[in-house]
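**Q** Respectively, the protein sequence lines represent chains A and B. At position 102 of the first sequence the residue is numbered 101 (numbering that gives the first Met the number 0), and the sequence of numbers has no breaks. At position 121 of the second sequence the residue is numbered 120 (numbering that gives the first Met the number 0), and the sequence of numbers has no breaks.
FYI, nobody ran anything at the bench for these hints, they're computed from the structure. Since the structure is predicted, the reported quantities are computational estimates derived from the model, not experimental observations. Do not rely on the hints blindly, as some may be mistaken.
As the list makes no split between identical chains, a pair holds if one copy fits it or if it spans any two.
Derived DSSO-like pairs: lysine-lysine, alpha-carbon spacing no greater than 30 Å straight-line [what the hints assert, rightly or not]:
no., residue 1, residue 2
1, Lys187, Lys13
2, Lys34, Lys131
3, Lys9, Lys359
4, Lys9, Lys187
5, Lys55, Lys359
6, Lys131, Lys56
7, Lys131, Lys13
8, Lys187, Lys34
Protein chains: 2
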Amino acid sequence: MAANKPKLPKGAVKPREAVLAMEPYHPPTAGRRAKLRLDFNENTVGCSPCVVETLKKLVEAPSLAVYPEYGEAMERIARYFRVRPEQFVFTNGTDEAIQVLMNTYVDDGQEVVILKPSYAMYRFYAQVAGAKLREVEYPEPDMEFPLQEVLEAITLETRAVILANPNNPTGTSIGLLGIERILHRARKAVVMVDEAYYEFSGVTALTEIERIPNLFVSRTFSKVFGMAAMRLGCLFSHAANIEFLHKAQSPYSVNTLAVLAAQAAVADTDYIQNYVAEVLAARELLCVGLEKLGIGYVPSSANFILVRLGGRAIEVRDALRACGILVRDRSYEAPGCVRMTVGTRDQTRRLLSALEEIWKA
Amino acid sequence: MAANKPKLPKGAVKPREAVLAMEPYHPPTAGRRAKLRLDFNENTVGCSPCVVETLKKLVEAPSLAVYPEYGEAMERIARYFRVRPEQFVFTNGTDEAIQVLMNTYVDDGQEVVILKPSYAMYRFYAQVAGAKLREVEYPEPDMEFPLQEVLEAITLETRAVILANPNNPTGTSIGLLGIERILHRARKAVVMVDEAYYEFSGVTALTEIERIPNLFVSRTFSKVFGMAAMRLGCLFSHAANIEFLHKAQSPYSVNTLAVLAAQAAVADTDYIQNYVAEVLAARELLCVGLEKLGIGYVPSSANFILVRLGGRAIEVRDALRACGILVRDRSYEAPGCVRMTVGTRDQTRRLLSALEEIWKA
Numbered sequence: 000m001a002a003n004k005p006k007l008p009k010g011a012v013k014p015r016e017a018v019l020a021m022e023p024y025h026p027p028t029a030g031r032r033a034k035l036r037l038d039f040n041e042n043t044v045g046c047s048p049c050v051v052e053t054l055k056k057l058v059e060a061p062s063l064a065v066y067p068e069y070g071e072a073m074e075r076i077a078r079y080f081r082v083r084p085e086q087f088v089f090t091n092g093t094d095e096a097i098q099v100l101m102n103t104y105v106d107d108g109q110e111v112v113i114l115k116p117s118y119a120m121y122r123f124y125a126q127v128a129g130a131k132l133r134e135v136e137y138p139e140p141d142m143e144f145p146l147q148e149v150l151e152a153i154t155l156e157t158r159a160v161i162l163a164n165p166n167n168p169t170g171t172s173i174g175l176l177g178i179e180r181i182l183h184r185a186r187k188a189v190v191m192v193d194e195a196y197y198e199f200s201g202v203t204a205l206t207e208i209e210r211i212p213n214l215f216v217s218r219t220f221s222k223v224f225g226m227a228a229m230r231l232g233c234l235f236s237h238a239a240n241i242e243f244l245h246k247a248q249s250p251y252s253v254n255t256l257a258v259l260a261a262q263a264a265v266a267d268t269d270y271i272q273n274y275v276a277e278v279l280a281a282r283e284l285l286c287v288g289l290e291k292l293g294i295g296y297v298p299s300s301a302n303f304i305l306v307r308l309g310g311r312a313i314e315v316r317d318a319l320r321a322c323g324i325l326v327r328d329r330s331y332e333a334p335g336c337v338r339m340t341v342g343t344r345d346q347t348r349r350l351l352s353a354l355e356e357i358w359k360a
Numbered sequence: 000m001a002a003n004k005p006k007l008p009k010g011a012v013k014p015r016e017a018v019l020a021m022e023p024y025h026p027p028t029a030g031r032r033a034k035l036r037l038d039f040n041e042n043t044v045g046c047s048p049c050v051v052e053t054l055k056k057l058v059e060a061p062s063l064a065v066y067p068e069y070g071e072a073m074e075r076i077a078r079y080f081r082v083r084p085e086q087f088v089f090t091n092g093t094d095e096a097i098q099v100l101m102n103t104y105v106d107d108g109q110e111v112v113i114l115k116p117s118y119a120m121y122r123f124y125a126q127v128a129g130a131k132l133r134e135v136e137y138p139e140p141d142m143e144f145p146l147q148e149v150l151e152a153i154t155l156e157t158r159a160v161i162l163a164n165p166n167n168p169t170g171t172s173i174g175l176l177g178i179e180r181i182l183h184r185a186r187k188a189v190v191m192v193d194e195a196y197y198e199f200s201g202v203t204a205l206t207e208i209e210r211i212p213n214l215f216v217s218r219t220f221s222k223v224f225g226m227a228a229m230r231l232g233c234l235f236s237h238a239a240n241i242e243f244l245h246k247a248q249s250p251y252s253v254n255t256l257a258v259l260a261a262q263a264a265v266a267d268t269d270y271i272q273n274y275v276a277e278v279l280a281a282r283e284l285l286c287v288g289l290e291k292l293g294i295g296y297v298p299s300s301a302n303f304i305l306v307r308l309g310g311r312a313i314e315v316r317d318a319l320r321a322c323g324i325l326v327r328d329r330s331y332e333a334p335g336c337v338r339m340t341v342g343t344r345d346q347t348r349r350l351l352s353a354l355e356e357i358w359k360a
């Protein structure tokens with residue numbers, strides 16, 4: 000392996016045009032150990048100790064050899080989300096939720112409405128499906144959800160609409176009335192609301208899956224639950240839709256330890272509530288701190304803040320990394336912006352103190 | 000949820016035609032605990048104790064909260080397979096390997112050559128991709144690989160060929176010369192050789208990935224390694240092809256515990272070698288036992304045997320289940336046949352003794 004783009008060897012088969020046209024997506028996940036990781040919106044203290052105890056107790060050689068069984072876990076997790084087991088599928092992270100939705104509903108050349116900036120994998124899987132992308136921009140400077148523009152982008156040709164609520168990386172949210180209008184306008188399309196950061200905003204469409212048959216809602220165990228390493232998400236919808244999703248999904252895409260961990264995680268709701276309360280307090284602290292430094296930001300409903308550093312974005316990110324603090328540059332999609340995960344108040348104080356030194360230098 | 004086929008609610012969106020046409024795939028994985036599981040070709044004693052120790056040691060709350068990093072694991076696992084890290088991708092089981100291959104190379108309406116009976120997911124993901132299937136049958140009675148028919152099925156229109164070596168459920172294998180002829184004949188197509196059961200047959204095309212640029216080889220940690228619960232596979236090819244696969248794959252599809260477990264697993268090669276030796280001895284025992292009972296079977300290169308029970312297939316399967324022994328009915332694709340996983344000699348003796356009683360009844 001020499002250069003960045005190895006020549007296709009003689010006789011190699013060319014990929015699909017859709018894949019050739021795609022940019023590779025390599026998020027900077029290497030070398031993050033032992034750093035304060037405010038770059039991927041994870042839970043910054045870790046999952047509930049009950050999850051770890053459960054795993055240590057249940058990990059044994061014979062059971063690891065067996066293909067996953069989801070039955071019992073589905074019932075317990077359904078109860079936590081107040082749905083019936085037949086109203087959702089487990090997914091290998093939210094990524095598989097997006098992929099299964101595309102596989103089930105979107106044919107080559109059909110139209111998919113997404114927003115930008117938003118989570119990169121919506122675009123990614125729409126492209127893999129060969130979809131025609133219709134992208135609506137979050138408007139500068141306040142990055143509020145552009146409801147009117149989204150409604151206008153939806154036509155009779157629209158096959159799928161993917162929304163993130165709250166949105167990543169803007170942190171801004173969509174009101175339920177807005178979502179309801181989109182669902183109505185896009186009633187010939189499937190509408191997925193990705194609620195990865197729901198616990199920090201408290202706004203959910205999940206209660207509507209029975210009533211509104213083109214609605215799909217995704218949740219994840221990678222954020223507030225502190226289980227990003229395990230890869231577990233859930234995709235909810237009307238039971239009749241779920242049967243179709245099953246048809247386009249591998250029966251074993253989620254690993255056994257993830258579902259065991261999730262069962263333990265949903266049993267410890269105090270842990271989640273306490274962590275959310277801590278993050279909301281820390282978010283307030285971070286906002287006040289940024290204002291004191293005269294640094295702009297986008298008001299957020301999630302556990303991260305899009306911070307406006309202008310021409311100093313990359314410099315500040317690198318200087319923070321030198322202090323052992325990782326934040327994520329988003330200037331390629333939101334000029335001059337860096338996204339900072341909100342952890343605990345202690346972690347936020349450490350971030351602010353490093354930021355103050357760098358900013359005033 | 001009442002009936003088998005819930006009515007699509009008013010206003011629900013119809014899936015793609017490709018998905019509507021698919022049969023749901025629900026392998027009978029429920030209620031297998033505490034039984035002798037000879038139904039899914041797993042390792043019947045479990046993974047190496049080193050894997051369990053590693054997991055118990057490394058499972059802790061903060062690291063579970065972090066998105067997977069594969070760097071170190073890729074290097075160690077590359078060394079085990081005698082390839083370079085840039086010559087493979089981790090996949091979420093072999094299922095994702097098939098899916099990523101289809102996503103990368105097969106467009107709607109293009110031709111894919113598969114065999115039948117074979118692993119159900121080749122057909123599944125080819126259908127999800129909207130491919131035109133060209134199926135070649137393993138011929139009764141000996142179920143030898145139909146090389147001539149496969150060569151004839153490959154045309155200039157062929158975009159992908161998927162082979163299993165050894166094949167599931169027949170257990171029969173393909174010689175390397177046959178694979179080489181297919182690779183040459185299908186030089187405008189990608190050819191994937193699924194070597195899930197390689198360790199029991201000893202025949203591999205993996206050494207050829209650098210030389211033959213349309214070759215893809217998959218391996219799994221779900222069989223001999225005893226880690227089906229963890230979901231980990233590897234898809235190998237020329238480094239230039241791997242870059243394209245990366246473009247069509249989620250960067251986090253494999254969970255952290257799976258790669259930690261795999262690192263421990265490949266370090267304990269004695270465990271694997273001993274298990275393979277045990278299974279090969281047990282396979283001989285099973286063949287001799289079947290012959291004594293006058294029961295026919297297909298000679299196998301894998302850790303399972305396709306057993307010919309004729310009109311008594313379902314009866315025998317059910318009677319074995321009543322004795323706490325699970326085997327898998329394959330009569331829907333190989334009339335009168337049941338597939339029995341080969342475990343240890345002790346487990347095989349238990350199977351034979353139950354079978355003798357049932358068969359003579």
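**Q** Next step is simple, just say for each hint if it's right about the structure.
**A** Results for each hint:
no.: 1; hint: Lys187 x Lys13; result: between (35 Å within a copy, 9 Å between copies)
no.: 2; hint: Lys34 x Lys131; result: neither (40 Å within a copy, 50 Å between copies)
no.: 3; hint: Lys9 x Lys359; result: neither (55 Å within a copy, 60 Å between copies)
no.: 4; hint: Lys9 x Lys187; result: between (46 Å within a copy, 11 Å between copies)
no.: 5; hint: Lys55 x Lys359; result: neither (47 Å within a copy, 46 Å between copies)
no.: 6; hint: Lys131 x Lys56; result: neither (48 Å within a copy, 47 Å between copies)
no.: 7; hint: Lys131 x Lys13; result: both (21 Å within a copy, 19 Å between copies)
no.: 8; hint: Lys187 x Lys34; result: neither (47 Å within a copy, 47 Å between copies)
Hint compliance for this structure: hints 2, 3, 5, 6 and 8 are broken, all remaining hints hold.
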